[in-house]
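Turn these sequences into a full structure, and let the hints guide you.
Heads up: the sequence shown runs through residues 1 to 390, numbered per our numbering.
Since the hints were derived computationally from the structure, they do not count as laboratory data. No false leads were mixed into what you were given.
Calculated pairs, EDC-like style, for lysine to aspartate or glutamate (alpha carbon to alpha carbon, straight line, at most 20 Å):
hint	residue 1	residue 2
1	K177	E364
2	K42	E28
3	K177	E317
4	K231	D45
5	K231	E43
6	K13	D36
7	K306	E166
8	K231	D36
9	K231	D108
10	K275	D3
11	K308	D256
12	K177	E166
13	K194	D204
14	K306	E279
15	K308	E279
16	K268	D280
17	K231	E389
18	K306	D280
19	K42	D108
20	K306	D256
21	K13	E35
22	K268	E279
23	K188	E16
24	K42	D69
25	K75	E61
26	K268	E305
27	K231	D3
28	K275	E367
29	K75	D24
30	K194	E166
31	K75	D45
32	K177	D195
33	K75	E28
34	K268	D256
35	K231	E35
Just the calculated beta-carbon pair ranges, DEER-fashion:
hint	residue 1	residue 2	range
36	S272	N76	37 to 47 Å
37	I228	S123	45 to 55 Å
38	A65	R390	31 to 41 Å
Here the structure is a predicted model, which is why all the values come from computation and not from measurement. Glycine included, each C-beta is placed from N, C-alpha and C at the ideal position.
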Amino acid sequence: MRDVAIIGVKNTKFGELWERSLRDIVVEAGAGALEDAGVGGKEIDSLYVGNMSGGRFIDQEHIGALIADYSGLSKNLHVPATRVEAACASGGLALRQAIMAVASGYNDIVIAAGAEKMTDVGSEEASSALSAAADREWEGMTGATFPGLYAMIARLHMHRYGTTSEQLAEVAVKNHKNGSLNPIAQYKNRITVKDVLNSIMVADPLHIFDCSPITDGASAVVLAPADIAHKYTDTPIYIRATAQASDTIALHDRRDITTLDATVVAAKRAYSMAKLRPEDIDLVEVHDCFTIAEICAIEDLGFAEKGKGGIVTANGETAIGSRIPVNTSGGLKACGHPVGATGIKQAVEIVTQLRGEAGQRQVEGAEYGMTHNVGGSGATAVVHIFSRER
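Structure representation (structure tokens):
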């Protein structure tokens with residue numbers, strides 16, 4: 001297997017992009033990543049696009065072909081394009097497929113992209129589309145929504161470990177602060193713990209400010225064999241590990257709903273592949289679809305003792321400049337969560353940080369970064385580790 005590097009990256013702005021179509025934003029992200037890499041269309045061997053639910057959100061399937069067409073990669077170049085779906089982990093899994101294509105030697109230059117256009121439908125229809133990432137028969141048909149499922153996780157975490165609503169709120173406060181420093185973020189407003197606790201209750205104990213938003217956005221990265229990466233860029237970022245794991249799709253079959261076993265297993269595989277430990281990681285982008293999800297993630301990834309994620313967050317240990325900066329982009333909570341794009345956006349953030357190009361949110365001296373992307377309530381987890389040096 002060959003070593004793989006990321007040589008180009010691009011995010012669109014995230015938010016309510018009503019004036020733009022899915023194809024518009026994906027083309028912007030892809031073209032920007034190619035420009036960043038200094039790569040021409042004729043050099044591209046394949047394209048992987050993460051997209052969860054184009055059929056529900058914009059009545060469009062065959063997303064891979066659509067993106068290849070409107071990116072100018074189909075008519076004359078005939079670049080193979082594959083749509084990857086793993087619910088909210090679609091982007092992370094698209095990246096993993098692209099990495100394996102290059103590592104195997106089958107392809108040299110590959111684009112991994114992700115996109116979702118979620119705001120063209122009403123909130124009820126968007127919620128219905130998202131709930132399809134849970135067990136439709138045993139959860140969705142009984143009225144369970146993702147806020148409800150994660151609220152059950154939060155309630156048990158509170159009961160078992162003493163986690164508080166204030167500690168959950170600290171996740172949102174920190175991520176909004178980080179988002180305020182990110183030019184692409186959907187929400188740049190800073191908030192307080194009081195703001196979170198006084199916001200509308202969605203599913204007890206989760207308030208609206210505990211929940212990630214509905215978002216439009218696209219992201220893309222360009223990958224190449226590490227041996228030729230310097231041909232394209234002076235700052236290649238290397239893939240040290242890619243790992244994926246699965247768990248039951250429904251919460252009621254889980255061993256322990258306060259631990260996402262898929263995350264634990266994927267992280268162990270990634271650490272083993274990279275020959276690293278949690279204490280070697282300088283920053284991490286985790287899947288904070290809800291504030292409780294970030295607390296569980298930092299525990300499951302090994303950055304906090306089980307049950308202590310809330311305390312670690314409240315103590316400021318996950319802030320920029322502290323022990324383990326978490327979600328420097330603003331996370332899903334503040335940067336936004338276009339579900340197919342999130343896993344790629346996380347990679348773009350880590351690459352930007354390791355290049356030293358993150359501006360006011362820069363983690364100084366960062367050498368290793370991690371991304372953690374989750375599908376559904378934890379049925380799929382994808383973990384990647386990146387490094388500045390090969």
